[in-house]
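With the hints as your guide, set chain B onto chain A.
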Amino acid sequence: MKKQISLVLAGMMAMGMLSACDGNSGGTSGEATTETSDGAVSLTFSWWGNQVRNERTQAALDLYSEQNPGVTFDAQFAEYNDYWNKLATASAGNALPDIVQMDYSYLEQYASNGLLVDLTPYIENGTIKTDNVDQTILDSGKSGDGIYALCNGINAPAMFYNKTLLDENGITIKDNMTMDEFLDVCREVYEKTGYKTNLAYGSDAYIDYYCRAYDEIVYESDSLGVSESTLDAFYSLYEDGIKEGWLIDPSVFAEVTIGSVEQDPLVYNSSPDTASWCFLAYTNQYAATKSAAPEGMEIGITTWPSPDPTKSDYLKPSQFFAISSDSANPDEAAKVLDFITNSVECNNILLAERGVPINSSVSDAISENLTEEDREVITFIDEVVTPNCSTISPPAPTAASEVYNLNDLLIEQVCYGQITAADAAKQMLEEGNPMMAG
Amino acid sequence: MKNNSIRKTLEKESAAGIVCTLPFTLGILLFILVPMGISLYYSLCDYNILSPPTFVGLDNYVEMFSDETFFKAIGVTFFYALISVPLRLVFALIVAMLLLRTTRITGFYRAAYYLPSIIGGSVAVSILWRRMFAVDGVVNNLLGLIGIDTRFAWLGDTRTAIWTLILLAVWQFGSSMLIFLSSLKQIPTTLYEAARVDGASRPYQFFHITLPLLTPTIFFNLVMQMIQGFLAFTQSYIITQGKPMNSTLFYTVYMYKQSFEFKHTGYGAALAWVMLVIVGIITWILFATKRFWVYEDGV
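Going line by line, the protein sequences match chains A and B.
Heads up: the first sequence at position 91 corresponds to 1076 in the numbering used here, and the numbers run straight through without jumps.
Heads up: the second sequence at position 256 corresponds to 288 in the numbering used here, and the numbers run straight through without jumps.
Simulated from the structure, these hints should not be mistaken for laboratory data.
Be aware that one or more of the hints could be misleading.
Stated by the list, open to error - Ranges of calculated distance between the beta carbons of each label pair, as one might list FRET restraints:
hint, chain 1, residue 1, chain 2, residue 2, range
1, A, Gly1131, B, Thr182, 55 to 61 Å
2, B, Val155, A, Ser1212, 54 to 60 Å
3, B, Trp203, A, Gly1230, 32 to 38 Å
4, A, Gly1131, B, Glu95, 33 to 39 Å
5, B, Ala227, A, Asp1258, 57 to 63 Å
6, A, Pro1054, B, Val155, 36 to 42 Å
7, B, Asp91, A, Ser1345, 50 to 56 Å
We treat Cβ as the ideally placed atom computed from N, Cα and C, and that holds for glycine.
Just chain A, with the same shape it has in the complex (with noise of 0.2 Å):
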């Protein structure tokens, strides 16, 4: 008997660890700053990127380093994914690192909370110099009365395309396509090559795109602002997609990470029954996708397919800094954020590769160092997005996510047949307006 409860115990114990789990996660994730005694200062920067931003963001912080001795950095750095989980747990155990890469879409939840320090007093007494930034940039990290992060760079959704096939095959891309226009193009790639066509997989964004078109908000504060027959079109892309063979099967996304630059099929899967021909990203991913392509494959940059792509483009903060609530240090934090906003060395390092400097000295003096693909996403967004965009919609709420997770479920369930479009655009309608008011 003796034995039999020893071993319950020992079972139970294993039990707690599950329930532990939830409420003691965060200690893996940031620290907050520490000081030592002679006066050294760590700091944790934290951002989600890829190969090539960590490596040129490390740069960046090593420079700073050299320029004020006893600073220190630790950087930490996730897929998008895994770093909004690792942020929230961390801002749970108040242990938020000292300056956070944030974005258009999480920024309301975390200012809301309280979980960002108010940069307005660091702008005003000249520690972050915005002299030459403009006002609009600046004012896109508002939330309320105070500016919670400082924007690093303007972007733009923006479709990649594997060139040197259609090339090849003498299929040639224009801008600002029509939906119907890049359908015909998916079934002629199809057709001629047998490459597919990966319709933003795993993309929260693409259905706001696409709703755009047609005047609807997916993502309003308290609903979803989108009328069943738009979401019907929507699903039935795919529908059809399956169905005429061009777009690529869902299976090939249970072996890759999602939202991986270095793992999206356009690059990494050569195959073309697993390869797709384009890759819905954005401008800031170019120069990650380019060196993430295989050798030979030319990459070319166009926009998103849409109804109407004028009225559903926009541009957009690339992503911010914050400093969070948790520094003990956020002095020291804004200091780094003028630098990186304002020193000319830092940006010859990280070269636009969030996006193009918001100092417009500062990227007038960068450009010469600029490689071959920033100029292009230089042009791109000066010439093809800028006149022919609306502005983005506000930014989504917290129970947001809950819906990117239902809409994820909903274009599976349809590319494997289980449900049709229309039940689709009825179902995205039943749950996710419940998750939006809850």
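For chain B alone, kept in the frame of chain A given last:
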């Protein structure tokens, strides 16, 4: 005076015991009981991680009844645990029997077969597994070698994805195997000798001597592995992320998603407590059946 009384207290016999167990006691308190308490509190709260929790009573528990994904995850987890655990035990027993005879090389084999269990739960093996079962992975290539030319997506098909995870679990039979091995060795050879004299065949010996005497070990393994099976996380999280269509969505992965991705941390904590109850019941059932099949008189 003061020093003396401290000394006296320390010299008591119980003091030594308390001091020696202190690391463990503190560990349990700080890293298990306190977090469990906090988790229990969160499970009664509307908590989104970013802002302070607000008490809502049993709302989170009530919500589960109307949550289809919750039931889906329960189903998947039961399927996984109830199939992978018995398979793993059978496999472990077979290998243990094979490795029972001591020759010069068995030491190497025992270590080799134990290795997967050490590294089994790790992220690296999960990533390896994902590559192995990829469309252009090792498995399909091997099938190609024996003439079955296929580009089947093992991880992308709702019928096979869960089986790749079960296979991974079965492959990690090492720790059960070692436990089996040690108890197999404790069965007195005299029993087998006597049976042989009486003309009992090998299978007869196995079913009437080996198996009955092993039942306590089988029971121990079953309980421990079952608990582990229900709590499996890494495999599903890394290899399939619950895809395709939630067919490999383990309960713990769903809990993680609710807690950190959807920011329903209160609901996630409630899920954890429901799992605790479920595993508790399963363990209790196993103990209840014990007297029907476990032979405990020993040898």
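Here's how the hints hold up against the structure:
1. Gly1131/A / Thr182/B: 55 to 61 Å: holds, 59 Å
2. Val155/B / Ser1212/A: 54 to 60 Å: violated, 43 Å
3. Trp203/B / Gly1230/A: 32 to 38 Å: holds, 36 Å
4. Gly1131/A / Glu95/B: 33 to 39 Å: holds, 35 Å
5. Ala227/B / Asp1258/A: 57 to 63 Å: Given range 57 to 63 Å: holds, Cβ gap about 59 Å.
6. Pro1054/A / Val155/B: 36 to 42 Å: holds, 37 Å
7. Asp91/B / Ser1345/A: 50 to 56 Å: holds, 52 Å
When held up to the earlier numbered hints, the structure conflicts with hint 2 and nothing else.
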